[in-house]
Amino acid sequence: MQPTSSMNEEFLKKWQMGLQIFRPSIDNTSVSERKRAIKLSADVAMASLRKGTTCWSRALIQKTATEDNFLVRQMLSGIKEETLINKKLPKVMCHRKIVRRSKKILMRRRKSRSAMEEVAAKAKKLVKRKTQGLRNVVPGGEFMSNNVLLIQETLDYIVSLQTQVNVMRSIVDAAEAGIER
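When the letters of the sequence shown are read in order and numbered with the working numbering, they come out as residues 228 to 408.
Incorrect hints may have been included.
Taking lysine-lysine pairs in the BS3-like style, the calculated list, with each CA pair at most 25 Å apart, reads [claimed, not checked]: (1) K266 x K290; (2) K352 x K331; (3) K241 x K266; (4) K278 x K240; (5) K331 x K355; (6) K240 x K266; (7) K351 x K331; (8) K290 x K241; (9) K266 x K278; (10) K290 x K240; (11) K241 x K262; (12) K241 x K278; (13) K262 x K290; (14) K278 x K290; (15) K240 x K262; (16) K331 x K349.
Quick list of simulated restraints, FRET-style, between CB atoms [as the list claims (entries may be wrong)]: (17) I398 x K351: 39 to 49 Å; (18) K290 x M395: 30 to 40 Å; (19) Q389 x R356: 48 to 58 Å; (20) V364 x T231: 20 to 30 Å.
Calculated directly from the structure, the hints in this document are not laboratory data.
Just so you know, even glycine gets a beta-carbon here, dropped at the ideal spot from N, CA and C.
Based on the provided sequences and hints, a complete structural model is requested.
This is how it looks when you write it as structure tokens:
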């Protein structure tokens with residue numbers, strides 16, 4: 228799934244707005260502070276594209292809101308506040324019968340472990356480790372207990388990161404073309 232050109236344009240507009248908000252404070256700052264300002268405005272622009280509809284965007288907004296409330300208020304002015312704050316993750320439906328059957332099956336398997344079951348246990352351990360890695364990478368991932376939701380959020384986050392990279396790459400290309408002239 229590739230980001231659309233309208234996503235790129237919208238991200239660029241929001242990112243420029245964030246950089247303009249930071250502009251007066253950036254002029255007399257160190258390189259690390261400028262880097263932080265650029266990253267912060269890019270994060271808020273990326274999260275505001277999703278308008279708080281995804282867990283990762285709400286997590287990014289919440290993180291940046293604690294760091295710089297003015298930037299967040301300016302860039303998210305068109306989004307309703309109640310959609311961003313205190314929005315719960317969707318509940319995973321679990322039926323009691325299914326849980327009981329699963330427990331019975333697990334108890335039977337534990338009594339007679341074969342080589343196939345050991346392989347399956349190792350695969351589960353590997354999957355668990357990889358999903359924990361995803362939880363650490365995706366903003367707000369540590370609060371997602373549902374693996375399907377985690378994967379959906381990760382895919383959406385990747386598309387947003389691709390948008391961010393595309394826009395930054397086009398800015399660098401334009402700057403290099405201007406230098407060559």
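When you take the CB atoms of I398 and K351, is the distance between them in 39 to 49 Å? Holds - the Cβ-Cβ distance for I398 and K351, about 44 Å, lies within 39 to 49 Å.
Are the Cα atoms of K290 and K241 separated by 25 Å or less? holds, 18 Å
CA of K266 to CA of K278, is that 25 Å or under? holds, 18 Å
Pair hint K266 and K290, alpha-carbon separation not exceeding 25 Å: holds, 13 Å
Between K241 and K262, is the straight-line Cα distance small enough, at 25 Å or below? Holds, at about 17 Å.
Are the Cα atoms of K240 and K266 separated by 25 Å or less? Status holds; Cα separation ~15 Å.
Take a quick look at whether K278 and K240 sit within 25 Å of each other, Cα to Cα. holds, 15 Å
Could you see if the CB distance from Q389 to R356 stays within 48 to 58 Å? violated, 25 Å
Given the hint that K290 pairs with K240, test it: the Cα-Cα distance must not exceed 25 Å. holds, 21 Å
K241 and K266: Cα distance at most 25 Å? holds, 13 Å
Take a quick look at whether K240 and K262 sit within 25 Å of each other, Cα to Cα. Since the Cα atoms of K240 and K262 sit roughly 19 Å apart, the hinted pair holds (cutoff 25 Å).
Does K290 sit within 25 Å of K278, going by the straight-line distance between their CA atoms? holds, 15 Å
Hint violations for this structure: numbers 18 and 19, all remaining hints satisfied.
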